[in-house]
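Trainee: So you can see what is in the structure, the chains are spelled out below.
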Amino acid sequence: MHIAIIGNGISGITAARFIRKLSDHRITVISAETDHFFSRTALMYIYMGHMRYQDTKPYEDWFWSKNRIDLLKDRVEKIDTAHQQLLLSKSAPLKYDKLIIATGSASNKFGWPGQDLKRVNGLYHYQDLEAMEKYSENLKRAVIVGGGLIGIEMAEMFHSRHIPVTILVREASYWNNALPLEESQMVNREILRNGIDLRLESELSEIVDDGNGEACAVITKSGERIECGYVGLTAGVHPNIDFLKNTNFEINRGILVDDNLATNIPNVYAIGDCSETRNPKPGRRALEPVWYTGRIMGETVAHNICGNSVPYDPGIWFNSAKFIDIEYQVYGDIRSKQPEEHAILYWEHTDGSKSVRIVYDKKGQFVVGFNLMGIRYRHEVCEKWIRDKTSIEEVLQNLKLANFDPETYKEHEADILKKYQEQTGKSVKLKSKRGWNPVYAFLKK
Amino acid sequence: MDQEVQNSMSLANPAPPFMDGIEKMAAAVGGIGLLLLFVAAFGGDAVQHYLFLVASLGLITVGTITFSIRKYLTKEPGIKNNGVFFSSLTHRGLWGWIAGIVITGFYVLLYWAPEFLGLNEAGNSGLVGLFDPLSYFFKGQPASQWFVYGTLYTLAILAFGFKFILKYRHNKYQIIRTISVMFFQLAFAFLLPEIMANFNLPYYDLKNMWPLNYYFFYDWNINGMLNPESTLTSGQTIGLFMLIWGILMIFVISPVLTYFYGKRWYCSWVCGCGGLAETAGDSFRHLSDKSLKAWKLERWIIHLVLVFVTIMTVAVLFSYFQNNGGNVLLSKPIFTVIVVVLCLAIAGTVRANVKEIRASFEKLPIIIYAILGVIALATVIAFMTGGSNPFIINGGSLRSTYGFLIGAAFSGVVGVGFYPLMGSRVWCRFGCPMAAILGIQQKFFSRFRITTNGGQCISCGNCSTYCEMGIDVRSYAQKGQNIVRASCVGCGICAAVCPRGVLRLENGSVDIHSKTSELKAIHIAEGDIRIL
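Chains as they are written, first to last, in this note's numbering: chain A, 1 to 445; chain B, 446 to 977.
Isolated chain A (complex conformation) (with noise of 0.2 Å):
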């Protein structure tokens, strides 16, 4: 059987590896925009000179040979569903027995006037670092548009350099559609301690031509211009499908997918951000276009093509990022308002750049969601909690169960004790110690 995979990231990739661990099919992975697959999320350190192009890839090239995965560098023009060919822009069409797509996504533009110029591009793909790296040369200043996880990397990029960034953010605080009011007016103030110029509630009406076909500057809906040579597109991303329209494909923002990732076409399968499910769990949405979400789809689409029925279960939401300086996690049900039904324990360091949020719900005292900012915490730990509907205060007990900062950093929980006895008047005793035994024990339980 000869499986092609459309898209080389992490989903694609995922995919191809364990079908071939499963199985001995033939496969082939098309990709038009890396011969190699590279982590995506490392972009940002190859402009910032912390990595090589090649440290960014997770295998070394001859791994994909040995274990006979077959690279195509091509672009897919057109799915020939009718006949199970894929129809490519420079090698001869291609036939499959399964096929996964697996696009990922695309840059929002939002019809700005300019939008298209030179000097103007979303932070995706690897094209669109080798323009901001071939345009960052004496550039006097860029302007990002569009205050989310990528936005934040692409301010961080340009400061490594020292180039003046300005980002025009639409939302009264940072990504404050995603974080709670705290932790994104903490990210401002990471913002602005750089020396950033933050612009909240400030939105992009056009990008101005400088009569060669290239961006100078931007015009913001107050009227305000601002000289430019470089805008960063950042906001938001959408599904990478448009060569899918008008076709017998049934898509919504991203290609319809069922519980075992299968499209509406036979044979045909969607996985990591160009997907949408149908049927999300509950707690989880349609489109997650996220690492996480894609790898675990590539893993479970891998077993259902090779015989293996599994519905695609994510489990409990987790992610996590890294504003400049601060990094961030999250686990289960955080939203930037939570609903009435839960209570909120938020304690925050002094110092402003850590914090830990712990949201339960108030009828039944039940943990459902772990906000950190500055402080890490322990992935299995936190799920099991959740996924235990563990009380609020066992789970304050054992606190420092959770705790993954390294050895000898500080630790806060008699902090978040205090605080919870502030907000409840319940006191709290601390049970458990930091470090692996106990951790062992917990989860082994």
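What the hints contain is simulated information worked out from the structure, not anything from laboratory work. None of the values given here were measured: they were computed from a predicted structure. Using N, Cα and C, we set each Cβ at its ideal position, and we do this for glycine too. A couple of the hints might just be wrong.
The calculated lysine-lysine pairs, modelled on DSBU-like cross-linking and capped at a C-alpha distance of 35 Å, are [unchecked claim]:
1. 800(B) <-> 66(A)
2. 362(A) <-> 965(B)
3. 389(A) <-> 924(B)
4. 418(A) <-> 520(B)
5. 738(B) <-> 924(B)
6. 924(B) <-> 445(A)
Here are a few chain A residues that sit away from chain B, every Cβ distance over 10 Å (derived from the structure) [as the list claims (entries may be wrong)]:
7. 1
8. 217
9. 253
10. 339
11. 345
12. 423
With the Cβ distance kept under 8 Å, some of the chain B side facing chain A (calculated, not the full set) [what the hints assert, rightly or not]:
13. 523
14. 530
15. 617
16. 618
17. 896
18. 905
19. 944
20. 946
21. 950
22. 954
23. 955
Mind docking chain B on chain A? Use the hints.
Mentor: Relative to chain A, chain B alone:
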């Protein structure tokens, strides 16, 4: 898209604003300090004044400190490896090569042509002569090339340790660990032995143990410890203490500490080689080779060196007991018994862990048994036949070959000289026999591991890139598998540079033999599969 554009990416060298004016000046000041040393090396009598030494060392120190303050304190605390792969010094550019060649050259002269540095029995001149005042200050004797080396080595660890602490000032583990290596180098490797030399006691670095200290069991060293012609009345006791301490380190202290903490207690908290690697070598840690090829080579070479030093030491000790009749604590028969017992003990330990060892490398247990068998048998045969050389080649030749090839060329010249070309831990990773022993224990019998945080790894590659031992940390992290590699020195940099908090160095006793079996990022367990 095309080769062309990808090439332009790698050549891109955004011209610094990476070094501002003050940093450049500080670098120049340090450079002048170094230059003064060169001038002394070749300037003959014109520069023999202790002020020249003070000026040189002072400028080096001031330059390094100023540079570090300017480079790191002008930025917010946090990981900022900005420009590491663009810089000429840190990415095998012109400055990197110059540094490598100069340091290698210095080591070559140090080991094999110290007279060019000014060493002279009749009276030092040049670089060595420059350090005479300092040497007289410590121990009332003229300097040797080793004194020059020791002073510069210690200064490097202190100055670059300061730089490192500023760079990682947000990370308490790094700060404490660096203070530790600075302390151990200054106190144990430099001050204490220098002070003891005042009393004609052996020049002994208490933290330097066999087999890293490959001459610990040489005849002159043992005799020096048993019969120190010390000016102290307690000299005899101190010498004996040194001998017993050295043996205790090998058989008790090190195994116990390695059990609890992994080999990091030594390799990145105490050892002098490690100390320089972590401080001065920090700028080069990313140059280590992460390929599978390099790992395969590493495992063969380092264990061959271990076998070499073991055979050499057994031969040397055998000669010692041969020549020093009943004059010593032990005798030849008892030594032979000890060798056999040790071989059996090691074989027994291998037997007890044979499954795990086979998992590492199928034929490994047999190879180990064979080597142990040869050593034990050869010793017994030599003893019974009254011969002097259990391994045919005489101890003296083994000794000098090891000293030249491993002690000098590998450990010194390549070990440090190649920092700017191959990273800071070439010796530690490919050669150090002590690292081999500690590594074996770390892998099979220690509480140490680097825990990976569930499924949080995004495969960015920072951990692998900055691992000085060339461990592909990412390959474990992306599976959610704990990292327990024999070569891991526990420097903690992987955990520090990880942008998502995926790694934690820690110790745990509850799962010593299964600490790497779980793959936390694999989502679908065997039991979840329903075969259609």
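Trainee: For every hint, state whether the structure bears it out.
Mentor: Quick rundown of the hints versus the structure:
1. 800(B) <-> 66(A): holds (27 Å)
2. 362(A) <-> 965(B): holds (32 Å)
3. 389(A) <-> 924(B): Distance ~27 Å between residue 389(A) and residue 924(B) Cα, so the pair holds.
4. 418(A) <-> 520(B): It holds: about 34 Å lies between the C-alpha atoms, which stays within 35 Å.
5. 738(B) <-> 924(B): holds (21 Å)
6. 924(B) <-> 445(A): Between residue 924(B) and residue 445(A) the Cα gap is close to 23 Å, so the pair holds against 35 Å.
7. 1: For residue 1(A), whose nearest Cβ neighbour in chain B is about 15 Å away, the distance exceeds 10 Å, so it holds.
8. 217: holds (23 Å)
9. 253: holds (24 Å)
10. 339: holds (26 Å)
11. 345: Non-interface label on residue 345(A) holds, nearest chain B Cβ at 21 Å vs cutoff 10 Å.
12. 423: Holds: least Cβ distance 27 Å, greater than 10 Å.
13. 523: holds (3 Å)
14. 530: Check passed: Cβ of residue 530(B) comes within 5 Å of chain A, closer than 8 Å.
15. 617: holds (5 Å)
16. 618: With a closest approach of 5 Å, the residue 618(B) hint holds.
17. 896: Holds. Min distance 7 Å.
18. 905: holds (4 Å)
19. 944: Residue 944(B) check passes; min Cβ-Cβ to chain A is 5 Å, inside 8 Å.
20. 946: holds (4 Å)
21. 950: Where the cut-off is 8 Å and the nearest Cβ of chain A is about 6 Å from residue 950(B), the hint holds.
22. 954: OK, holds: residue 954(B) within 8 Å of chain A, min 6 Å.
23. 955: OK, holds: residue 955(B) within 8 Å of chain A, min 5 Å.
In the structure shown, no violation is registered for any of the earlier numbered hints.
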